[in-house]
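Novice: Protein chains in written order, with our numbering: chain B, 31 to 247; chain U, 94 to 459.
Quick caveat, the hints were computed from the structure, so don't treat them as lab data. Do not take every clue at face value.
[As the list claims (entries may be wrong)] Label-pair distances were calculated between CB atoms; the ranges are:
1) U/Pro259 with B/Arg218: 19 to 25 Å
2) B/Asp59 with U/Asp177: 37 to 43 Å
3) B/Arg117 with U/Ala206: 25 to 31 Å
4) B/Thr83 with U/Ala100: 22 to 28 Å
5) U/Ser162 with B/Gly73: 55 to 61 Å
6) U/Asp381 with B/Arg218: 44 to 50 Å
7) B/Asp193 with U/Asp336: 29 to 35 Å
8) U/Ala206 with B/Ser131: 31 to 37 Å
9) B/Ser55 with U/Gly102: 19 to 25 Å
10) B/Arg242 with U/Ser362: 55 to 61 Å
[As the list claims (entries may be wrong)] Here are some chain B residues the structure puts well away from chain U; computed CB gaps all over 12 Å:
11) Asp98
12) Val149
13) Pro164
14) Trp176
15) Thr185
16) Arg218
17) Glu226
18) Glu229
19) Leu231
20) Gly245
A quick note: this is a predicted structure, and the numbers were derived from the prediction, not measured. Cβ atoms here follow ideal geometry from the backbone N, Cα and C, with glycine treated the same way.
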Amino acid sequence: MTSSSAKAPTFPPRLRSPLASIHASSGGDVTTEGGAEVVRSYGDPDRERAVVTGGIGVADITVRAKVDVRGDVDRALSPVDGDVVARMAGDWAVLFCPPGSVTERVASMQMAAGTSAMVTDVTHLYAGFALAGPSLPDALARLTAWDPSSLDAGTATGAPIADVRAIVVRREASVPLLEVWAAMELARYAWRSILEVVERLGGQPVGWDALREQGWR
Amino acid sequence: MHELHDAAGATFMWAGDWRRPHHYVAPEDEVDAVRNRVGLIDVSTLGKFRVRGPQAVDLLERLYPNRFSDLAVGRIRYGVMLNDEGVILDDGAVCRVSEDEFFVTVTTGNTAALERWITWWLADWQLDVQVLNVTGAFAALNLAGPRARTVMERVTDADVSAQGMPYLTCRGFDVAGVPALVLRIGFVGEMGYEIHVPSLFGESVWSAIMSAGADQGIAPFGLEAQRILRLEKQHILVGQDTDAESDPYEAGLGWMVKGDKPDFLGKRSLRDLERDGPGERLIGFTTDPAWVPPEGASVVHEGVWVGRVTSARRSAAAGATVGLAWVPAGWANEGTEFEIQFGASHTIARVTLRPFYDPDGERLRS
Chain B
31 MTSSSAKAPT FPPRLRSPLA SIHASSGGDV TTEGGAEVVR SYGDPDRERA VVTGGIGVAD
91 ITVRAKVDVR GDVDRALSPV DGDVVARMAG DWAVLFCPPG SVTERVASMQ MAAGTSAMVT
151 DVTHLYAGFA LAGPSLPDAL ARLTAWDPSS LDAGTATGAP IADVRAIVVR REASVPLLEV
211 WAAMELARYA WRSILEVVER LGGQPVGWDA LREQGWR
Chain U
94 MHELHDAAGA TFMWAGDWRR PHHYVAPEDE VDAVRNRVGL IDVSTLGKFR VRGPQAVDLL
154 ERLYPNRFSD LAVGRIRYGV MLNDEGVILD DGAVCRVSED EFFVTVTTGN TAALERWITW
214 WLADWQLDVQ VLNVTGAFAA LNLAGPRART VMERVTDADV SAQGMPYLTC RGFDVAGVPA
274 LVLRIGFVGE MGYEIHVPSL FGESVWSAIM SAGADQGIAP FGLEAQRILR LEKQHILVGQ
334 DTDAESDPYE AGLGWMVKGD KPDFLGKRSL RDLERDGPGE RLIGFTTDPA WVPPEGASVV
394 HEGVWVGRVT SARRSAAAGA TVGLAWVPAG WANEGTEFEI QFGASHTIAR VTLRPFYDPD
454 GERLRS
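Given these sequences and hints, build the entire structure.
Specialist: If you want it as structure tokens, here you go:
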């Protein structure tokens, strides 16, 4: 602790996953995208590529931006390239976007919706993990009683994963890929639970580069 | 922020589903820091709801016995939620962020239950309003103490003076470079700010405030110190000082019941309760500092159980053991003496109806 009477910085700090220290101790190669810290890899891209194409890997994607829309969803939503819309119910959708501030987008969506919907920046509400690889069904069989076969690419639903209530999104990619979004305060528990299953199947944590090579963005 | 508290030497305890710092150093020293300098506590576990829509006021008017239609934008009102029988369910702050939007806080352990409760009633009432549980989205820090304003002025360019941001107001502005919703409230009874920031920035803001307050003697404080501080103000903890039968009249919160409002949860039951008058009352008491009665200790009259202690702590400010207890309603008069017993131990306590510390709330409002 240092003594200081100077003003604190007036610029926002970098967005950092609550798992940042775990990634650092695992050798995570961190870069900054849209003001957020992203793990590109854990030091062995070839190994991560092999895991994702031949087994199962898990990546921390918590810092992606998210927008919750309640009410007249269609009036409020205005997805752009790179967005993923998870329609959870007729009057509820969650928009997942690349890392970066969505303050202005939230404001414009709220303006478009007027009083017919509530648009909220929920970037900090959910921690997210991407499970990728052909062993995804085996991993899910160990993590949930929910049947993922009914979830088509590009769609989303609510399901319990590792006993945590989560939003799950099936992404379109060249390998089976599922995003799991759980309450931020359960991030560590969810990560450890998922990673334990992944490692039991011979998998490991992977960085965003390994996912992007499979068409994820 | 768990790692940060861990590194600061916190001893943790369970609070509902959360692990929270019980203390960092001796709780008495943490109390001293808040009363005489400035302290910082992590209150992120508070339940938080965003309530927005053309009928947001109508929803709150039905959920609470309080009145919210006259709450000005930028103002805060303490509210208590009741069930249909008029029993206290929860309490917290209701902040009017804009004409049709409120930020509502509830107690840590009740958040999930209240989310279901509100959603269930909203489905029944079919009001044009949206409610979102944003508990995990915001870290919350309570900066409190006579030097809190000095520290706050160092982490924001906003006017946080007594005139610019009086007691029971809320404002949105940057704190340590992070967009924040700041509430001028004080559960611990000192001038303070409850600072809500996006949760992933919590550590950064905590560290910035601790650094800014270093030369002011800032200290982190935990739940035990908070419990002593709130008890000195006779601020109740729902679920600890109340139970499944406690109504606002018995708990000394009858002032917030607006019986002339249109229907609200518990209204009909409260009408009967008000007519019959309370059978028992929650009162403050002081007793010899040599003994702190355990929570649940009996209040006895001629050897017969007539009530119970719900909270008790040794208070340096009061120079006594202070506490809250349920006693027969007729005893709720200043200075009435009664006996507390637990096993072979017993003491004579004295009813104190006003807060033990800063009874007029001058420090809180300063």
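Novice: B/Glu229: least C-beta distance to chain U exceeds 12 Å?
Specialist: 23 Å, holds
Novice: Just tell me: holds or violated, for the beta carbon distance of B/Ser55 and U/Gly102 against 19 to 25 Å?
Specialist: 21 Å, holds
Novice: Should the label of B/Thr185 as a non-interface residue stand, given a Cβ cut-off of 12 Å to chain U?
Specialist: 22 Å, holds
Novice: Verify this label for me: B/Pro164 is non-interface relative to chain U, using a Cβ-Cβ cutoff of 12 Å.
Specialist: 32 Å, holds
Novice: Is 19 to 25 Å a correct range for the gap between the Cβ atoms of U/Pro259 and B/Arg218?
Specialist: 40 Å, violated
Novice: Quick one: work out the minimum CB distance from B/Trp176 to chain U and report holds if it exceeds 12 Å, violated otherwise.
Specialist: Check passes; 20 Å lies beyond 12 Å.
Novice: Holds or violated: the 31 to 37 Å window for the beta-carbon distance between U/Ala206 and B/Ser131?
Specialist: Between U/Ala206 and B/Ser131, where Cβ atoms are some 34 Å apart, the hint holds.
Novice: Between B/Asp59 and U/Asp177, is the Cβ distance one that fits in 37 to 43 Å?
Specialist: 57 Å, violated
Novice: If I claimed the Cβ atoms of B/Arg117 and U/Ala206 lie 25 to 31 Å apart, would that claim hold in this structure?
Specialist: 28 Å, holds
Novice: Would you check whether the claim that B/Gly245 is not at the interface survives, using Cβ distances to chain U and the 12 Å cut-off?
Specialist: Per Cβ check, B/Gly245 is outside 12 Å of chain U; nearest 27 Å; holds.
Novice: Honestly, do U/Ser162 and B/Gly73 meet the 55 to 61 Å range at C-beta?
Specialist: 60 Å, holds
Novice: For the pair B/Thr83 and U/Ala100, does the Cβ-Cβ distance stay inside 22 to 28 Å?
Specialist: Violated - the Cβ-Cβ distance for B/Thr83 and U/Ala100, about 39 Å, lies outside 22 to 28 Å.
Checked against the numbered hints given earlier, the structure breaks hints 1, 2, 4, 11, 12 and 16 and satisfies all the rest.
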